[in-house]
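As given, the protein sequences belong to chains A and B, one line each in that order.
The opening position of the first sequence corresponds to residue 1 in the numbering used here, with each subsequent residue numbered one higher.
The opening position of the second sequence corresponds to residue 1 in the numbering used here, with each subsequent residue numbered one higher.
Hints in this document: simulated from the structure, not taken from any laboratory.
Accuracy of the hints is not assured; some may be wrong.
[Unchecked claim] Below are the EDC-like pairs computed for lysine to aspartate or glutamate, each with C-alpha atoms no more than 16 Å apart in a straight line: (1) B:K160 to B:D171; (2) A:K191 to A:E225; (3) B:K401 to B:D356; (4) B:K469 to A:E320; (5) B:K16 to A:E160; (6) B:K13 to A:E153; (7) A:K282 to B:E92; (8) A:K308 to B:E73; (9) B:K13 to A:D270.
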Amino acid sequence: MRVSLLEFNINGIYCPQADTYIDAWRPVDRVIISHGHADHSKYGHKKYLTHHFNVPIVKHRLGKVNIEGKSWGERFTINGVHFSLHPAGHVIGSSQVKIEYKGEVWVYSGDYKRENDGISTPFELVKCHTFITECTFGIPAFSWKNQNEVMEEINQFWNECKLLNQTAIVFAYSLGKAQRLIANLNLDIGKIYTHAAVENLNEVIRTYKNLPETYKITRETKKEELLGNLVIAPPSTHGSSWLKKMVPYVTSSASGWMTFRGARRRRAIDRGFVLSDHVDWKDLVKTIRETEAENIVCTHGYKEIFSKYLNEIGYNAFIENTPFEENELLVEND
Amino acid sequence: MIDFASLIEQTDKTTKTNQKVKALDDFFKHASDKDKVWAIALFSSRRPKRAIKTSSLRGFAAELANIPLWLFEESYHIVGDLAETIALIVPETHHKNLSLKLTLSDIIEEIIDLKNLSEQDQKKYLFDRWSSLNYYSRFVFNKLITGGFRIGVSQRLMTKSLANVTGIDKDIIAYQIMGDWKPSEISFKDLILSPKKESLIYKPYPFYLAHAIDVKLENLGDCSHWIYENKWDGIRAQLIKRSNEVMLWSRGGELISSQFPEIIEMGNMIENGTVIDGEILPFNNGNIGSFNDLQKRLGRKNVTKKTVNNNPTILKAYDLLEHNHSDIRIKSYANRREALNKLVLDVNHPNLDISDFHEIKNWEDVVTAHSLARSKNSEGLMIKNKNAVYKVGRKKGDWWKWKVDPLTIDAVLTYAMRGHGRRANLFTDYTFGLWRIKNDEKKELVTFAKAYSGLTDKEFKKVDAFIKKNTLERFGPVRSVQPQLVFEIAFEGIAPSSRHKSGFAVRFPRILRWRIDKSINEANSINDLENLLHV
Ligand SMILES: [Zn+2]
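Input sequences plus hints: build the corresponding full structure.
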């Protein structure tokens, strides 16, 4: 009987031949972690394998764990199965996992995007027979502008706030989006202040990657010094008392969900910028074509719709459920 | 077109009223008179007639985007707005600027002419426009075609901006844009700057709307300055008699004369130069009926004698706005009411009644009256200041509404459907059932209401997870769900209805809270619902 190279079980994405998991959601003996977002790097595994850039992030989040770093493309073999990590371009240290056994190649994409964001190692295309893809934004309504254009919009927003002597606040996920903004915004306009959750990650990342200077907001920070400057804070601070000391401020959000006109209004945010760390529709379709895979496993997002479409255009597409999406829509951690 | 689209973009970008008004000011300062009139029309819900079937639009958009129609439909379901979906889905092309020189009125004229084109030519036209407009222009263009131009600019903001730009008082502008006028036939001068006298005879006044009471009664001051009356759930309307013509206008700005011939007939008995503000109410055998009875009269183009006899209506007069050809809105409410009283007595017609009017000796009387309101089929009380002038729009201070507490019942979640937009992956639209005992003594759940608001994001997420794990059957976007969760549902009113499975129609149902403490056997029954009829 032929066993599938990877299967989805109650613990996670499992490779029976190597007795190894990928992004397991329940405690297991050995796991390969695609990236540092909370729903992909869970606590309680005995042994973690991940890219070098993700090691400090996982340690920062989970404390003392048994973890080993790998380089891009470095091959490691477990019971005859060859594994290697390849850049996914999603956030710093995010990887796709390539699994090869007796000539059959599978790739698990993790979360990914194609555009070079200036901080994550750019996405590398890996050809395979079976491609396990996320499809967070897997409907044709999503189409990203290039990063420069969006950064220009945010710079302009910042300038407007500065002119009115207000504090510009951008809600962005602490790992990934925050550093992407810091690396790309125009620091001639002013200083970037950060929420502690963001700054702690900045400090971790600065140990191996250059990142412009940012200023942590502490109890001592005076609201006057924030005026005209930009604050990056996790979305969860929206509506919290933490924001109060920044009055007068203008709020904004940088997220793929800001595509919808109603999204900003529903969240009571002043401005929305469409900036995502996931692939949009056209890059999703393009990536699948370029992997030359025949079998596509869709997880995470609009998987029913997307797999139906793939089947129509000639792929062998399936869906698998993961707990990743449970949080996705409400915390908007893209 | 580009300036109008950027106006929409500017107002979309901000939640702040003064910035929206500033964007409107900029537009009204620079737009041509023709474009101004069209913008006023659009912001006051006067859109061009739909010239093309939405099914054609959807098909064309899918074709241009090179995706199957079902994928377009799925995306539409998620985005939740057709104009927005099309604008997002059709590919960006680079021969932009082509349509930039076209003005708003040019585009609208093209859209009006669309109906005369063959389907092939319609398609060619749309492909052309979609490919040559930028995102916001494309979105606005689609909105013009699909109608329902509800965009973050209220009529109030537009009125304010027109007042800023023209220097004319905003209440006068509000009045001038009321009534029935055609944007393609009227100039900016005739509409706003110096309207002709004849055009004014058709215009109703802007309605004065009450605020929900948010202060303690005692804090309203001396109770002898106030009165209360019952608040009715019908159709708020103005009856106008001028130059021997009688017109009935709804609050939504629609002429509804033809739907209520018995009220028009009564209007003939009134003197010229009169405007009454009141409520159209179902009135059967001397009793005020429910909104459900009135629904039988709405939406009917041809109202026959039989319809009138079976579901008769009256106008319950609240206020008098024009008397002996003069606008008396600036007189005190007490004064207007006195004149109204005399008028209703003089007309002495069965289809005209005056609203009750109660002096207030102490505030407890009002509390008592409020507790009795539901038994009178009224939806609460209105508390009005005797010295108040008749204002424009929803204003705090002199008119307060105090609605009766909603009725509530515990019901079981039975079906669920996905929400829109950000919630598109969550099941947030629910159907609820109540128990009915069948002949064989067994119980079944009967659908009684749908609701999709009232839970927090956290609760929606939990209920969604439950639905995904407990789906019984799928019917397109709808799933039947294992009956297990109980919710307390609130609603404003109830009436018998043969069109509803449960036998009752409820008004404005919404979720009050999730009754985690209750099992489905503790949910209420249709009998319990029926008992609420008599509360
Ligand atoms: Zn992620």
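Taking the hints in turn, this is what the structure says about them:
| no. | hint | verdict |
| --- | --- | --- |
| 1 | B:K160 to B:D171 | holds (9 Å) |
| 2 | A:K191 to A:E225 | holds (10 Å) |
| 3 | B:K401 to B:D356 | holds (15 Å) |
| 4 | B:K469 to A:E320 | holds (15 Å) |
| 5 | B:K16 to A:E160 | holds (14 Å) |
| 6 | B:K13 to A:E153 | holds (12 Å) |
| 7 | A:K282 to B:E92 | holds (12 Å) |
| 8 | A:K308 to B:E73 | holds (13 Å) |
| 9 | B:K13 to A:D270 | holds (7 Å) |
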